[in-house]
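When you get a sec, could you build the whole thing from the sequences and use the hints?
These are the residues of each chain, in order.
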Amino acid sequence: MSGLTVRASKPFALSALSHPWSQLLWDGLVLPALAVGSGLVVGGIILQLAGYQALPAFSAMFTGAFGTVLSLSTTLLRATPLILAGLGMAIAFRCSMWNIGAEGQLYAGAIAATFVGVRLEGWPPLLAVPTVLLAAFAAGACWGFIPGILRVRLGASEVVTSIMLNYVGIYLTSYLVTGPMREPGGTFPQSSPLAAAARLPRVVRDVLAPILNGLGFDVQLPNLRLHIGILIAIGTAIILHFLLFRTTLGYQIRAVGYNPVAARHAGISQGRTVVLAMLISGGMAGLAGGIEITGPINRLLQGFSPGYGYEAIAVALMAHNTPLGILLSGLVFGALRSGAEFMQLRASIPVVLVFMIQGLVILFIMGYAARRLLRTGG
Amino acid sequence: MLWVRLLLEAAFRLGPPLLYAALGETFAERSGIINIGIEGLMLTGAFLGFIGTFSTGSYLVGLGSAVAGALVLGLAFAFLTITVRANQIVVGAALNIFSLGITGFFFRTSYGGLTTVRAISIETLPLLPIPLLSDIPFLGPVLFQQSLLVYLALLLVPLSFFIIHRTALGLAIQAVGEYPRAADTAGINVYRIRYLCTLIGAVLAGIGGAFLSIAHTGTFIENMTAGRGFIALAVVILGRWNPYGVLIGALTFGASFALQLRLQTAGTQVPYQFLQALPYIVTILAVTAFRSRIAAPKALAVPYTG
Chain A
38 MSGLTVRASK PFALSALSHP WSQLLWDGLV LPALAVGSGL VVGGIILQLA GYQALPAFSA
98 MFTGAFGTVL SLSTTLLRAT PLILAGLGMA IAFRCSMWNI GAEGQLYAGA IAATFVGVRL
158 EGWPPLLAVP TVLLAAFAAG ACWGFIPGIL RVRLGASEVV TSIMLNYVGI YLTSYLVTGP
218 MREPGGTFPQ SSPLAAAARL PRVVRDVLAP ILNGLGFDVQ LPNLRLHIGI LIAIGTAIIL
278 HFLLFRTTLG YQIRAVGYNP VAARHAGISQ GRTVVLAMLI SGGMAGLAGG IEITGPINRL
338 LQGFSPGYGY EAIAVALMAH NTPLGILLSG LVFGALRSGA EFMQLRASIP VVLVFMIQGL
398 VILFIMGYAA RRLLRTGG
Chain B
20 MLWVRLLLEA AFRLGPPLLY AALGETFAER SGIINIGIEG LMLTGAFLGF IGTFSTGSYL
80 VGLGSAVAGA LVLGLAFAFL TITVRANQIV VGAALNIFSL GITGFFFRTS YGGLTTVRAI
140 SIETLPLLPI PLLSDIPFLG PVLFQQSLLV YLALLLVPLS FFIIHRTALG LAIQAVGEYP
200 RAADTAGINV YRIRYLCTLI GAVLAGIGGA FLSIAHTGTF IENMTAGRGF IALAVVILGR
260 WNPYGVLIGA LTFGASFALQ LRLQTAGTQV PYQFLQALPY IVTILAVTAF RSRIAAPKAL
320 AVPYTG
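In order, the protein sequence lines correspond to chains A and B. In my numbering, each residue carries its 1-based index in the first sequence increased by 37. In my numbering, each residue carries its 1-based index in the second sequence increased by 19.
Simulated from the structure, these hints should not be mistaken for laboratory data. Do not take every clue at face value.
[Claimed, not checked] Partner residues aside, some chain B positions facing chain A, computed with beta carbon under 10 Å:
#	residue
1	Ile108
2	Phe249
3	Thr302
[As the list claims (entries may be wrong)] If you want the footprint, here are the derived chain B segments under chain A, 3+ residues with CB under 8 Å:
#	segment
4	116-124
5	290-298
6	303-309
Cβ coordinates follow ideal geometry from the N, Cα and C atoms, glycine included.
As structure tokens, this is what we get:
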């Protein structure tokens, strides 16, 4: 291998499920928990050094993440794009494609979702929502296709090209909402709102309440912002788990990532596999962007993503690129963000702290995973 | 002609941050280490360079803080990727996220607010015209009316070339990057060389970042590197892992940034977002057009198990 191809290292073994249970438990739960704990401890020390009270801050963070029904809803709301984009990253990483471009793919998805979504007035929601999400997936896939095909055909480093496309996507969004897609007559740099039919149903108001009322319960439920995107995220995680571990394509993706030479000898087309992986990867990030637009935001805004695309990398890595594990790691990072937003309100601590803790968590995971490596001498 | 001169001058002002980072990354990659965390290292350098200068009034303190911060992060990167053999891309990405968080956090808590950011600034590093040489028509103002950090960056190019291509250390670095097993057999300490090169890379990225805040803008903005570290990665590829090639690459990108800024102020019909996106699109085209497979160090990004 040459260029900027990176060989898969230990955590990206062919199948996480081939490990003995004890190791799965260790890698999947104990290590990440230790790393999150260590990240929080170091984050707390830094908070103290900056002159804040770490314990009340973290207590506010916990309340903001899990304390009330509202905060639980926000946690799931934040976890949704992280899980979806994280799943996408896992597919690419499994194939040893370092797609750092989720942020741009997310914006591409959001643009497409908005473009289609504002035009679907009068459509039945059952048709409108899938159409919009499909458009988002397709746009993200296109954005992911570029680094994939450039890598395969011209040997261009996907690390560099995918990162550069992030900036292109962000500036393109900025151009569209100040130019062609700007709300007619509006003063803000934003698009028109989506057609009502294209918006994701909310879990409580549109799903839970009608069911309960239908069963004869007469209960007043809070109207939470949580939308069915979280169910879509869970569904796609299960689908991608099967894709990765139970289908030929999944096997090919893992084989190319694990040992490209062996994969070639086994007759697997490396180029085709890489491009397909990047299509799915970008598509999932695009879907995350589409879900944000059809769910909580409902229109295209400049810089609407607080860096979900970069967080998604951490989400995938913490779960060792296992789709089902990403449900958990996405939830953890969603809680972190939701808690930090509350902490900013309550304790005036900037929410960017989240990035610091996430970076630390990944560094700790790499460090801890390695301790075992050192003990056994590699 | 004036227009061209101004553009070139700007290229020599905007190129050095890339040049520092890319020269450092050249050392790292020549030894087999790819550090995509240089984006974060630059950001840390920009932040510490600014804060150090702002709070003491001394550029040297600012620069020293930037170097110290980059060294600490570089050491963490080296430990995790070389000793512990963790994946280099993963650790680099984590470093970027961490740097974005910690610089933003401290900037907001110390100097800004939660939502508003107070505008604070310093005098940028003074220009230091070189007597006689700066009087040369055209070339004089472009090359010899710059700040000390620009001269240092330009001097580092032949120095890096000399070290990599003309010394025993350079030979060792190349051997470690091409075929570490053989280097090890020949008695070269692979780990030590990789640590050294990673730290050189980190320090130079830190200085490159500090250049942005103390020599170019005179202020710090959150995420002000805006992908320059990543562009530096592309510059290394374009320069074919050769310091002189890297120089040309860095100046080309410096010029593309400068052109973009000039076009914006010149009030063209092109939407400004397209101009802002220009350097990034140029980067994609450049890494695509210059096929780099042959020139890359063979052991790049492959952990060594001795």
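Against the structure, the hints come out as follows:
1. Ile108: Hint holds; B:Ile108 Cβ to chain A Cβ min 5 Å, cut 10 Å.
2. Phe249: With Cβ-Cβ at 5 Å, under 10 Å, it holds.
3. Thr302: Status holds, d = 5 Å.
4. 116-124: holds (count 8)
5. 290-298: This one holds; 5 residues, not fewer than the three required, reach chain A with a Cβ under 8 Å.
6. 303-309: This one holds; 3 residues, not fewer than the three required, reach chain A with a Cβ under 8 Å.
In summary, the structure agrees with every hint in the numbered list given earlier.
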